[in-house]
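Number of protein chains: 2
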Amino acid sequence: MAQLTEDQLDLFRAKNCAVVTTLGPDGSPQATIVWVDEEDGHPVFNTTNWRAKGGNLRRDPRVSVLVWEDGNPYRYVEVEGDVELEEDVGGEHMHRMSRKYTGKDFHTPVDRLIVRVTPRRVYDYDDD
Amino acid sequence: MAQLTEDQLDLFRAKNCAVVTTLGPDGSPQATIVWVDEEDGHPVFNTTNWRAKGGNLRRDPRVSVLVWEDGNPYRYVEVEGDVELEEDVGGEHMHRMSRKYTGKDFHTPVDRLIVRVTPRRVYDYDDD
Numbered sequence: 001m002a003q004l005t006e007d008q009l010d011l012f013r014a015k016n017c018a019v020v021t022t023l024g025p026d027g028s029p030q031a032t033i034v035w036v037d038e039e040d041g042h043p044v045f046n047t048t049n050w051r052a053k054g055g056n057l058r059r060d061p062r063v064s065v066l067v068w069e070d071g072n073p074y075r076y077v078e079v080e081g082d083v084e085l086e087e088d089v090g091g092e093h094m095h096r097m098s099r100k101y102t103g104k105d106f107h108t109p110v111d112r113l114i115v116r117v118t119p120r121r122v123y124d125y126d127d128d
Numbered sequence: 001m002a003q004l005t006e007d008q009l010d011l012f013r014a015k016n017c018a019v020v021t022t023l024g025p026d027g028s029p030q031a032t033i034v035w036v037d038e039e040d041g042h043p044v045f046n047t048t049n050w051r052a053k054g055g056n057l058r059r060d061p062r063v064s065v066l067v068w069e070d071g072n073p074y075r076y077v078e079v080e081g082d083v084e085l086e087e088d089v090g091g092e093h094m095h096r097m098s099r100k101y102t103g104k105d106f107h108t109p110v111d112r113l114i115v116r117v118t119p120r121r122v123y124d125y126d127d128d
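Just so you know, the protein sequences line up as chains U and X, in that order. Letter 93 of the first sequence, counting from 1, is numbered 93 in the numbering used here, and no numbers are missing. Letter 86 of the second sequence, counting from 1, is numbered 86 in the numbering used here, and no numbers are missing.
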């Protein structure tokens with residue numbers, strides 16, 4: 001497992017968004033923007049259980065998570081790794097993510113997955 | 001080929017950045033942030049010929065390009081498709097990209113590739 005530095009983890013702790021890329025059934029890349037955070041050095045996000053990302057990650061756990069400093073895309077960290085999936089019982093994790101970004105509980109916290117990434121490779125970009 | 005709307009193409013025409021995801025030798029996703037534009041309905045970007053992206057795209061032309069409105073990640077468009085590669089002779093294309101984003105020529109416009117994407121699937125997100 002690759003280790004992220006505190007500076008890199010801070011990008012995940014702040015209210016920055018991230019692009020998550022998963023692999024479709026034919027192995028082609030599919031990307032979306034998500035809320036993100038970190039737990040014990042692991043990037044973490046939340047997705048619906050049955051939408052594309054959830055289905056893709058059940059089939060192939062390989063993922064790229066790229067987080068950038070809000071308003072400054074010349075500072076970013078990309079983490080490549082494998083995911084572990086956990087059912088978000090009661091939507092508690094999604095509520096927590098929503099409170100971080102919006103200050104409020106999430107509107108429809110049903111049937112969701114917590115996705116934790118074990119980093120295999122970390123790419124750090126800082127052009128400031 | 002999927003068609004992008006004028007609103008979607010405007011995101012590529014503006015000074016927004018994009019996350020480009022290519023596939024590594026083992027098929028795993030690798031993402032970076034790039035400058036982007038559009039030509040005749042095709043997202044276009046520029047990369048070094050021999051770095052990861054160039055090598056990946058020569059091996060497997062499948063790509064995801066996700067462009068978001070600068071400062072507003074709740075408005076974005078993701079394009080999945082296949083690339084066509086063209087040598088950027090004299091770095092003219094890279095200079096043009098650099099002038100769009102920085103107002104100046106590029107510092108080292110050598111050994112670069114123009115990458116044009118033929119869209120297969122377009123995903124549009126707007127949470128405003």
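Treat the hints as calculated values from the structure; they're not laboratory data. Check before you lean on any hint, since a few could be wrong.
Chain copies aren't distinguished; within one or between two, either way the pair holds.
Restricting the straight-line Cα-Cα distance to at most 25 angstroms, the calculated cross-link-like pairs of lysine to aspartate or glutamate (DMTMM-like) are [said to hold, decoys possible]:
id, residue 1, residue 2
1, Lys15, Glu38
2, Lys100, Asp70
3, Lys104, Asp126
4, Lys100, Asp26
5, Lys15, Asp26
6, Lys100, Asp127
7, Lys104, Glu6
8, Lys100, Glu69
9, Lys100, Asp40
10, Lys15, Asp60
11, Lys100, Asp60
12, Lys100, Glu38
13, Lys104, Asp127
14, Lys104, Asp60
15, Lys104, Asp26
16, Lys104, Asp82
17, Lys15, Asp40
Being a predicted model, the structure only gives us computed values, none of them experimental.
Results for each hint:
1. For a Cα distance limit of 25 angstroms, the shortest separation of lysine 15 from glutamate 38 inside one copy, 11 angstroms, qualifies, whereas the shortest one across copies, 30 angstroms, does not.
2. Proximity of lysine 100 to aspartate 70 under the C-alpha cut-off of 25 angstroms is found in both arrangements, the shortest distances being 15 angstroms within a copy and 21 angstroms between copies.
3. In this homomeric assembly, lysine 104 and aspartate 126 come within 25 angstroms of each other (Cα to Cα) only across copies, at 20 angstroms, whereas the closest approach inside a single copy is 32 angstroms.
4. Taking CA atoms no more than 25 angstroms apart as the test, lysine 100 paired with aspartate 26 passes in neither setting, with 35 angstroms inside one copy and 36 angstroms between copies.
5. Taking the closest pair of Cα atoms, lysine 15 and aspartate 26 never come within 25 angstroms of each other, the shortest separation being 33 angstroms inside a single copy and 32 angstroms across copies.
6. In this homomeric assembly, lysine 100 and aspartate 127 come within 25 angstroms of each other (Cα to Cα) only across copies, at 17 angstroms, whereas the closest approach inside a single copy is 27 angstroms.
7. In the homo-oligomer, the alpha carbons of lysine 104 and glutamate 6 never lie at most 25 angstroms apart, since the shortest distance is 27 angstroms inside one protomer and 34 angstroms across protomers.
8. In this assembly of identical chains, lysine 100 and glutamate 69 lie within 25 angstroms of each other by CA distance both inside one copy and across copies; the values are 16 angstroms within and 21 angstroms between.
9. For the identical chains of this complex, lysine 100 and aspartate 40 are intra-copy neighbours only, at 17 angstroms inside a copy versus 41 angstroms across copies, given an alpha-carbon limit of 25 angstroms.
10. In the homo-oligomer, the alpha carbons of lysine 15 and aspartate 60 never lie at most 25 angstroms apart, since the shortest distance is 28 angstroms inside one protomer and 34 angstroms across protomers.
11. Taking the closest pair of Cα atoms, lysine 100 and aspartate 60 never come within 25 angstroms of each other, the shortest separation being 29 angstroms inside a single copy and 38 angstroms across copies.
12. In this homomeric assembly, lysine 100 and glutamate 38 come within 25 angstroms of each other (Cα to Cα) only inside a single copy, at 12 angstroms, whereas the closest approach across copies is 35 angstroms.
13. For the homomeric pair lysine 104 and aspartate 127, the shortest alpha-carbon distance between copies (16 angstroms) is at most 25 angstroms, but the shortest distance inside one copy (34 angstroms) is not.
14. In this assembly of identical chains, the alpha carbons of lysine 104 and aspartate 60 never lie at most 25 angstroms apart, being 33 angstroms within a copy and 43 angstroms across copies at closest.
15. In this assembly of identical chains, the alpha carbons of lysine 104 and aspartate 26 never lie at most 25 angstroms apart, being 38 angstroms within a copy and 41 angstroms across copies at closest.
16. In this assembly of identical chains, the alpha carbons of lysine 104 and aspartate 82 never lie at most 25 angstroms apart, being 30 angstroms within a copy and 40 angstroms across copies at closest.
17. In the homo-oligomer, the alpha carbons of lysine 15 and aspartate 40 lie at most 25 angstroms apart inside one protomer (18 angstroms), although the nearest pairing across protomers, at 36 angstroms, exceeds that limit.
Going down the numbered hints, you'll see the structure goes against 4, 5, 7, 10, 11, 14, 15 and 16, while the others check out.
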